[in-house]
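Chains as they are written, first to last, in our numbering: chain A, 36 to 536; chain B, 128 to 475; chain C, 3 to 102; chain D, 1161 to 1247; chain E, 20 to 129.
In case anyone wonders, no lab produced these hints; they're calculated from the structure.
Because the structure is a prediction, the values reported are computed rather than measured.
Treat the hints with care, as some may be off.
To be verified - On the chain D side, residues computed to face chain C include the following (Cβ under 7 Å):
{"hint": "1", "residue": "A1178"}
{"hint": "2", "residue": "P1187"}
{"hint": "3", "residue": "A1190"}
{"hint": "4", "residue": "Q1197"}
{"hint": "5", "residue": "A1205"}
{"hint": "6", "residue": "A1234"}
Unchecked claim - Stretches of chain C that chain B covers, calculated by requiring three or more beta carbons in the stretch to come under 8 Å of a beta carbon on chain B:
{"hint": "7", "stretch": "22–34"}
{"hint": "8", "stretch": "84–91"}
Stated by the list, open to error - Some chain B residues judged to face chain C by a derived CB distance under 8 Å, without partners named:
{"hint": "9", "residue": "L329"}
{"hint": "10", "residue": "L332"}
{"hint": "11", "residue": "L387"}
The beta-carbon is built from N, C-alpha and C at its ideal position, and this holds for glycine as well.
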Amino acid sequence: MADAAFWAICLVVAPLFFAISSFVRGGLAHVFGPLAAWLNALAVLGLTVSFARSGPLRYAIGGWQLPLGINFRIDGLCVLMLAMTAVTGLAVSMYALGYFSLRIGSARQMSRHEQQRLFFWPLWLLLWAGLNGLYLSSDLFNIYVTLEITGLAAVSLTALSGKPAARLAALRYLLVSLLGSCSYLLGVALLYRCYGILDMAALSRLVSPGPLLWCGLALLTAGLLLKTALFPLHFWLPPAHANALAPVSAILSGLVVKASFYLLLRLWGEVFAQVLPPAAYVLLGALGCGAVLWGAAQALLQKRLKMLIAYSTVAQLGYLFIALPLIRLDPGPAARQAVVLLILSHACAKSAMFMAAGSIFLKAGHDRIADLAGIKEVLPVSSFAFVLAGVSLMGFPPSGGFVGKWLLLGVSLAGGQWWWGMMLVTGSLLAAGYVYRVASRLLVFKAPFFSRRQAIPPVMEWSAVLLAVLAMLLGLLAGSPLELLAAGNQVFSPAGLEVLR
Amino acid sequence: MMDAMGIFDMVLALALPWLGWRLLASPDLFRAMVLFISLGLLMALTWVRLQAPDVALAEAAIGAGLTGALFLSALRRLERLSEAERRLAFAGKREEEDEIPPERHRRAKPVAYGLALLLLAVFVLLLAWSLAQTPAGGGLGPAVGEQLGQSGVRSEVTAVLLNFRGYDTLLEVMVLFLAALGVWSLTRVRLPLQDEEPGPVLATLVRLLAPLMIMVAGYLVWIGGSRAGGAFQGGAVLAAAGVLLLLANVTVVRQIPAALLRWGLALGPLLFLLTAVVCVAAGGNLLEYPPQRAGAWILLIESASAVSIGVTLAALYAGGRPPEPPAQDRGGEQGPGRDADADAGGRQ
Amino acid sequence: MGLLHNLGTVCILLGIPFFISGTIGLLRFPDIYTRLHALTKADNVGLGFVVLGLSLQADGWHTVARLLLIWLLVLIASSASCHLVARAALRKKIEPWSRP
Amino acid sequence: MSWQYSSAALFLLLAIVAGLGRILRGPTAADSMLAAQLFGTCGVAILLLLARGLEWEVLQDIALVFALLAALAAVAFALRTWGGTER
Amino acid sequence: MNTLLFYDFSGLALLAIGLHGLIRSSHPLRKILAANLMTSGVFLIMISGARGTGQTMIDPVPHAMVLTGIVVSVSTTAVALVLVCLVQETTNRALLWQKRKREKWGRTDG
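Please model the entire structure based on the sequences and the hints provided.
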């Protein structure tokens, strides 16, 4: 019975089960968490193998056929996103294992530290189950519920650090995600009222231009843009990602933001591809350019390391939105493969960066960039991980970011719209700016660095390095994941839809 | 011309936005919350007029009962803080504040606000026009009607919730569990000091109403199969009983051991998950009940979920995790009085 | 059978003026304590008449029993809450209205 | 649905809306507490009349839950003033 | 203009009022009240769309969606309210909002 459907069920049921059991048996939380992480990695491996063999699959939950029941749709893009979540999630879980095993000095923080350790694992596993459910499901309302699980778990994790700034950021994050979910729900309601169907694949065949369709689609997109923190709506992201605990920031920036972009990619690339005018794609691309410029500018000005990384997330998301008009421009697979590659490499690189920053913060006691000089003497591995992740974020060959941007550059020049390519290049230069700003502090040799006697467990440093190396190697071994994408089906071109029945 | 029920609909449809507007515009927060509860009850009447009895029950129990009680307890906590704040008169007892970015007060420029209002108005008009344009297309009603036979229950909404789209409800119960988990991770519950016994009238009222509420909750879960009712509505009424007990500060509620509470929260989600997995083990798809005994499975899931929903919503009203017994809290840091969690630095 | 139905209708129509008088009392009375009287006493009698009328027209004893249970519950709840509200008002030292 | 039920229900709804007018204007917070009272009686009456008029048994269950919830709201409002005060 | 559109427009009005309140109001409790108003407006639009033309059966799927939506909105509201109390407690300054006038209970009290 070890076919793709079985592994898909394990991907949703296992994290939920371990989340509940780690809540009930608080003492064993730090055992259930990593166990669930390894099981998840195993399930994704099984899913990839059986998917490569048997091709795309639709699984009817509860045995009810399409118009009524909810379906899992397992295709190339879904497997890649699950693999990204599994790999990054495994690295973050190992990092968190080390992070929470640290004994914090004073007794006063003992119970606070104890609470964080107890509640981190159930919240993180519920978030993970929400992400897996979101990538697998092909039903718009079911995706609304998984978005809620992911959003609520992310807010609770942000507020877990207990500091006033983190709680204020969590409250603002919650209000924004409340507004986003409400507009997404209204969009789903209007589409259901118009077409009477909730499934994405079926909807893409029924869709025809009409006033209610435009309103519904506009609301869906507005809700998802709020949750992806695209440029004008990004105000809630930096404080939330910077003030959270180190493993939580890695999860938020690496994985949670990707879920809503994945949905936008599905809706704009596949479901409503025929109906949407090119001008809409150009608008999103323009907002993406704004995000790249504004994010990079802010990152250059930041004094705190984690704020710099958070603003770099805003900038990197801009690249993904620049890829949308290019997908519309080029019928071939190049732009689609590029955007998937950018998503994968950003997830690994950004998580590695936040993990390294977390180790640096624990060792230095602060994260002011100006005073970090000479830390490489004390934390060589984490500094190397940070710089390596920064380099792959910049899009330096052979990293995944480089291959993605190179493909996009090719598409934009071939299609004659050179301004997207030009924006990619300036964005990369700006990214180089803020990465070198930090790297120069980390790598330069300076007077002995005053640091706490805090011994950083090696698992924390090496999980960050491995993830950074993976982000770097993604460019070289880009072949296998991308042919997975093709093997499944031409995800976004109309030809692919017939396969989905 | 318009018969009496047509006027009834018109009055109701006009009363809702009017009440919503006055609610947000009212200067006093307590009155805003009373109006919010009245709006919830009027909304329940609207659901009755729109032939949605299940939603009317849920709106009355959760929308008006639970959410209103949540708001009132939050307002009470905030006011108690402002009083305590005045007593402290900023004596500087606060630990050195974590460096919070100074909030640039974006003066609400009238131009930007006017523009946003205009944009909102245009979009609402566009939406209104397009709603009027498109006839309400036939939804999945007929499809549900055909398959109702094999769903094991007679009420359509319960069939859709528990069988056709059972996966949604599984994730739904997880959302509630997650909310309780989030609230527990944020703070510890602050039980009000018992400075005076609740009056005799209140005590008898609670002694009368609480058991009746629990009975009605059981009735709603049982009737859920054939008529309006079910796990959510039953759970909500159960939670209303819990809220009543918490409000009247009944001492038995405080002695509930934390372990029992944890199992109460985890029972529904865990059982739902296990039945889903057992269906797979029995050879069907996820959540595919054996056809002939689907009704029994659904009732089992509903009753377990109702208990858990009741406990979860009451825990949400309590607003924090139960105080740990001193033995477990090795750190001995029993945050006296206000549980000032804020400890700057140390953990980022 | 028509007699019971008509009697029921008469009872229902008798109940409505009580509700209206309760509402008018609520609107026009000078202070909280008198409004409490208006609302609690008049409306409950009105509800009693409506329940009586409906039970006359009811098709079975179980409906009558259910209606009476609901009415009894409303009676208990409104009298208790009237007491609680009045006590709360007194605690807030709201002076009862006296003829100027 | 025969006229007496629908007209009675209409009058009761107008009574509720008029009552809400008082709650909006009511000078003291105690006046706002009357809302629960108002819905407890008029709301339940409307539901019972609609139950009989539309021949719909379910509405009586809703009326029962309404009565319970109005009682809970009234207790919540009243306790609002002198409930246990934390330190 | 059948009665169906009454409830549609009423839901739309609730949505607009809620959105305006969410943006305009400064006290976080009012923001959460406004958010709940918005979701009620969305539910009203969903359910009034479910009542097909006269003779066709009522469509139960929007009812199930609204039930799920109500439970989601009560969970989010509960977490939001606890967060507001904590933010007020620890920072003691209304950072998210500027307190133009102190929301005091009973100010209008007799």
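Checked hints:
{"no.": "1", "hint": "A1178", "verdict": "5 Å, holds"}
{"no.": "2", "hint": "P1187", "verdict": "9 Å, violated"}
{"no.": "3", "hint": "A1190", "verdict": "4 Å, holds"}
{"no.": "4", "hint": "Q1197", "verdict": "5 Å, holds"}
{"no.": "5", "hint": "A1205", "verdict": "5 Å, holds"}
{"no.": "6", "hint": "A1234", "verdict": "3 Å, holds"}
{"no.": "7", "hint": "22–34", "verdict": "violated (count 0)"}
{"no.": "8", "hint": "84–91", "verdict": "holds (count 3)"}
{"no.": "9", "hint": "L329", "verdict": "6 Å, holds"}
{"no.": "10", "hint": "L332", "verdict": "4 Å, holds"}
{"no.": "11", "hint": "L387", "verdict": "30 Å, violated"}
The structure shown violates the earlier hints numbered 2, 7, 11.
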